[in-house]
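For what it's worth, full-length UniProt numbering labels the leading residue of the sequence shown as 1, then goes sequentially.
Using C-beta positions, here's what the derived DEER-type ranges look like:
| no. | residue 1 | residue 2 | range |
| --- | --- | --- | --- |
| 1 | A473 | G131 | 17 to 27 Å |
| 2 | G59 | E238 | 40 to 50 Å |
| 3 | K391 | K241 | 47 to 57 Å |
Since the hints were made in silico from the structure, they are not lab data. Idealized CB from N, CA, C, for every residue including glycine.
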Amino acid sequence: MEAHQLPSGTYLEQNKYYIERVLGDGGFGITYLGYDVKLQRKVAIKEFYMRGYCYRNPGDPNVYTEAGEKRENFEKMKQQYIEEGRVLAALGEQPGVVNVYTFIEENNTAYLVMDFVEGQSLDAYVKGRGGRLSVSETLAIMRPVIRALAGVHKRGVIHRDISPDNIMITHDRKVKLIDFGAARMYGNYNYLRVQKGGYSPIEQVSPGAQIGPYSDVYALCATMYTCMTGVKVPHAVERAKQDRLVPPSAMGLVIAPQEEAVLMQGLAIDPAQRYANAEQLYQALYETSMEQTGSVSMMTHSGISQMLADMQADRKKQAHRKKQIGMVCGIVLLLGIGTFIYFQRTRNGDETTAASEATTQQILQTEIDASPVEEVDCTAYAQAFYDLCAKQHESKGNTLTQRDEFTVAAKETAAKSAALVYTSMDELNAALTEIGNQAIATYKIPNTGWVTYTFSLKEDVATVKQALDTYIAQMNEENQGTVDLDNCAYLGVSVARAQDGTYFWAVFYQ
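Model the full assembly from the supplied sequences, consistent with the hints where possible.
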C-alpha cells in the first residue's frame with residue numbers, strides 16, 4: 001500500500017462500507033475492493049484522487065490540496081465527479097450501464113460505490129490470442145459495449161477512457177465496459193486532459209477543445225482497430241501532422257467494405273467527420289451494414305456470439321506423450337447468449353489446454369435478452385444441418401457419408417452436454433473434454449475432429465454452419481489442419497435442448 005491510498009479496514013459512510021484492498025490506481029482516482037456491511041456483498045469503490053493536485057498524510061484519511069490554482073481545479077473536478085455520480089446512480093440497473101449504488105462525500109473527496117464482478121480484460125484476451133482477433137470476433141465483442149454506451153450518451157455522460165483494458169469479458173457470459181472514473185457530463189470544456197495514447201482523439205489531448213460523445217466513438221473504433229490488426233492507432237497529434245493510419249484491408253485482413261468504411265469514419269481526426277455518438281456508430285456498424293451487404297458475419301445475436309466461442313486466456317503447450325492424445329481448446333461463455341464451442345482434433349502430437357486467468361475488476365453489466373423457447377424437433381433440426389452440408393458437397397461433385405458411429409457419437413455427446421450442471425467454466429470445459437474423449441474412444445473413431453457448441457435461440461442451419469465454419473477455419477489455420485465440414489468424407493451431427501432452452505450441438509467429422 002502506498003501512502004496516498006486508504007489502508008485496509010478503513011470505513012466509509014458511518015461504517016456502512018469498508019476498504020479491503022486496492023484494485024487499481026490511476027491519474028483520476030483509486031479503485032478499492034470494498035464490502036457493504038449491511039447487504040453483505042463485495043463492491044468496487046472509486047475514490048476521486050487527482051494525482052499532482054492533492055495529497056494525503058500518513059495515517060490520515062483526509063485529502064488535502066495546496067491553496068491556489070490546483071485547489072480550484074481539484075474542487076471544480078470533484079464537484080463534477082459528484083454531479084456525474086448522481087447521474088450514474090440515478091440510472092439504476094440498466095443493461096450495459098455501470099450500476100452505481102451510491103456516491104459518498106467524505107475525507108474531503110468523493111467516492112462512487114459500484115458493482116464488483118470478476119472477469120478478464122479484452123487487452124489480456126487479445127494478448128492470449130496471439131495479439132489480434134478476427135474481424136468477426138472483434139465486432140461481436142464490441143457490439144454490446146457500443147450498444148451500452150449509446151444509452152449512456154443519451155443521458156449526457158461520456159466515458160473518456162475507453163480502451164481494451166477497460167472492457168471486460170466476465171465469467172458469467174457477458175462483455176462489459178468498466179471504469180467510469182474519468183466519465184463526465186458533456187457540454188463543458190475539457191479542463192483536465194484524459195490521455196490514453198492512440199485511443200484518445202485529438203480534442204481530448206488539445207487544450208480547451210470541446211469533447212463529446214464523438215470522442216468516445218473515436219476510442220471505440222481505435223479499440224476495434226487494435227483488436228483486428230494487432231497495431232495501435234498512432235497518437236492523434238501525430239495523425240494531425242501526417243496521417244499514416246492504414247486501413248485493415250490494406251494489411252490483408254478480410255473485412256467487408258461497409259464495415260471498414262464505418263471503422264475509418266469513426267477514426268476521423270476531425271470530430272465533425274465522425275459519428276456523433278455511439279448510437280449512430282451502432283446503427284452504421286450493425287444495422288445499416290446488414291441491410292446494405294447482407295453480411296453473414298453480423299448474423300443474429302447468437303450467431304455473433306458463436307464467433308467468440310474460442311474465448312480463453314491463452315493456450316499452453318504440453319509435453320509429447322507416447323499414446324495418441326487430443327488437442328483441446330477450452331471455451332468461456334460470453335455476451336449473455338449461452339454460447340460456446342468446444343473444439344478437439346485427435347491426432348498424434350501436442351495437447352493444448354485452455355487456461356483462463358481471472359482479474360478482479362468493477363464492471364458494467366450488459367445483457368442480451370433471449371426469446372421464448374419454442375418446441376423444436378431436434379432430430380429434424382440436426383438432419384436439416386446434415387442435408388445442408390450434403391447439398392454443398394454435392395454442388396462440388398463430392399459425396400458426404402453419414403456413418404452410424406459418427407451419428408451415435410454426436411447424439412451421445414449432445415445429450416450428455418445438454419444435461420450438464422456446472423458452476424464454473426473450468427468445470428464445464430473439463431466435463432466437455434471427458435464427454436468428447438469418451439465418444440471418440442467408445443465408437444473407435446480416431447483422427448476425428450469434433451465440436452460442441454450452443455445457441456440460446458433456434459437459429460437457421462445456415463447461420464449455425466457459418467459460425468461453425470468460421471471457427472473451424474481459425475482452428476485449422478492455427479494448427480495446420482485441413483479437414484472441415486466442406487471437404488470431410490464422414491459427418492455425424494446431433495442437437496439436444498437443455499432445460500433452460502439452450503441448444504447443444506455436437507458435430508463429428510473426418
